[in-house]
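Novice: Chains A and B supply the protein sequences, listed in that same order.
The opening position of the first sequence corresponds to residue 0 in numbering that gives the first Met the number 0, with each subsequent residue numbered one higher.
The opening position of the second sequence corresponds to residue 0 in numbering that gives the first Met the number 0, with each subsequent residue numbered one higher.
None of these hints come from the bench; they were simulated from the model.
Small disclaimer: the values here were computed from a predicted structure and weren't measured.
Since no wrong hints were added, every one of them can be taken at face value.
The list makes no distinction among identical chains, and a pair is therefore deemed to hold if it is satisfied within one copy or across any two copies.
Restricting the straight-line Cα-Cα distance to at most 27 Å, the calculated cross-link-like pairs of lysine-lysine (BS3-like) are: (1) K233 <-> K206; (2) K144 <-> K60; (3) K38 <-> K86; (4) K60 <-> K263; (5) K205 <-> K86; (6) K167 <-> K60; (7) K38 <-> K205; (8) K317 <-> K263; (9) K277 <-> K233; (10) K38 <-> K233; (11) K277 <-> K317.
Number of protein chains: 2
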Amino acid sequence: MYQRNFPSFGSAIKAGIFCSALIACTFASAAEQTPLIIKEQGSFAAGGSVATAPGAFDPRKPMDPAGQSYHGDHAYAFYEIPANARKYPIVMLHGAGQFSKTWETTSDGREGFQTIFLRRGFGVYLVDQPRRGDAGRSMVETTIKPTPDEQLWFNQFRIGLWPTCFPKVQFSCDPETLNQFFRAMTPNTGPYDENVISDGIAAIFKKTGPGILFTHSQGGGPGWLIAIKNANVKAIVAFEPGSSFVFPEGEVPPPIPSAFDTVKGAAVPLDRFLALTKIPILVIYGDNIPDHPVDLPAQDSWRARLEMAQLWRDTVNKHGGNVTLIHLPDIGIRGNTHFAFSDLNNVQIADLVSTFLAEKHLD
Amino acid sequence: MYQRNFPSFGSAIKAGIFCSALIACTFASAAEQTPLIIKEQGSFAAGGSVATAPGAFDPRKPMDPAGQSYHGDHAYAFYEIPANARKYPIVMLHGAGQFSKTWETTSDGREGFQTIFLRRGFGVYLVDQPRRGDAGRSMVETTIKPTPDEQLWFNQFRIGLWPTCFPKVQFSCDPETLNQFFRAMTPNTGPYDENVISDGIAAIFKKTGPGILFTHSQGGGPGWLIAIKNANVKAIVAFEPGSSFVFPEGEVPPPIPSAFDTVKGAAVPLDRFLALTKIPILVIYGDNIPDHPVDLPAQDSWRARLEMAQLWRDTVNKHGGNVTLIHLPDIGIRGNTHFAFSDLNNVQIADLVSTFLAEKHLD
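Same shape as in the complex, but just chain A (with noise of 0.2 Å):
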């Protein structure tokens, strides 16, 4: 039910299945006892705007808004960088309602991708995007609801169908596990906004030089700006983009309707579409995401973007690009939530990961 067609990886895929094997006795099974030698770490803000409001600041009115300025609008992120590092650094974007947590360790305790590509050489950059988590200070005033939204999470990150896990799903279901997966999230501090998001990590890359950008679901929309914005993004790793494929105008296909939402292509310049065909990409798709239509929104949203994000690939292509599109059980890597990269078996990600990154001679 869940087959689809081989994506047009060719021997590369072959040659990542065996050379994961020996990845992880290389990188994983070794290095993970063995202490991190870093050689840099810190933090920074990068991009924003600034806004002062009128009038003359009095020392004596602190509380009067009068002459005082305002930043906010940043991105946020903290880096850190190995002994010997790689030529590229990676920069993560987390997905919608997340923060850099996503990449850290995993709800279940082990080492999430900021680890582990840390062991394997790379310089890692951890992002919360502008109006996001520690990048809170936003220029547009919000309200915060703390409306219960968590079984629409479950269901939506297709861990299962709540409360029941997938069969051989790669999340560890326990009570605990859970409590850190919900409190993984946080929440908008201002209104979500592609623009101001691709901005303030497009500043980023000018501070990181040039580099690797992966990308989670909602952050892939912002992700295919960034690298339009600035061509120090040398290649994209995208996890389950969500949205906000960008096509050449006069190109977009028509909106795939889903039991949960309709999936739309976003129109872009000719010339600003281009900038997508110049770097290698890879898109992953996980598991227990259906083949056909079905009423269970949460399975059926994955579906329509599934087939955008294939849409997408084939225009990229098509126009020169360099886009490879994963969907796991296609290459029998069976089980994966919306979080392949935090998922039980994320080492066997990160392998599949280097192999392409090794392939496209960006380590």
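Once you have looked at the hints, place chain B on chain A.
Specialist: Here is chain B on its own, set in the frame of chain A:
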């Protein structure tokens, strides 16, 4: 004008001054060029509440809260444990409007207390308190407004009197430093609540085991409650606690008015208060705090806070406690802002803290 009585630190201070040079040689200047050896790093949520909406969850109506849960009011921590770590890790809690960044890279790009104390062999846990930054899920609704307020903070944090920096202030007043400084703020995502905050961070101490608590400013108030709630807090280093000093019932001193606000002590039952007499506590205040009332709210607020801190020190010590209060100018250290731990002389300040920890056999 800014002279105060020499605090009751006795020979410890003089030893501290001499040791500073030694420690600087041993740790900082030699080590700051060498890599960090990190045995383990990661992140987790601790504490918090859960609410569930009445009704039954319908997977076909995912946007309907009925039967759905909501986890919030937890604290979040990112930790790094060096190889051959000392006995007690340090948990670092930010102040008002701030987040973990307080202890990370300074606004002018130097190492903050996170990395300085890692280099000195301590495990370091950086916290975002409940309803702040990456611990953003709040159980209570709030509205966040982008109100210009940065000249207030420039003055309140005693960098200077806007737009002029204090003479010889330990802060680099160049534009990019100020840009980074203002972007190190992030709003409350729910109402400020000391009980919620101290519950969350007391839960972090359940995960760390016995450790040392560093607090800054507004974090001082929850800090006392954390030590009362969890005996794993073996010492506190409080930088410029700004309010909410707790006294035994019946011993709360009269409020101290200032040109900014009125500083009040808070009453707790004596048996709870006595927890604060069982651990060594170091309280540090910086420079440019007047010793008599002035009509500038920012400066005068710190005069009143320092006065209350001295009354609090005397009360804890009268009950058998072990509080040392250092007003830095009294020991010849000048120019410090409200953020001594990230000021230009923060290695010297770290040396002072290291001396305290050594004398109390906490390292």
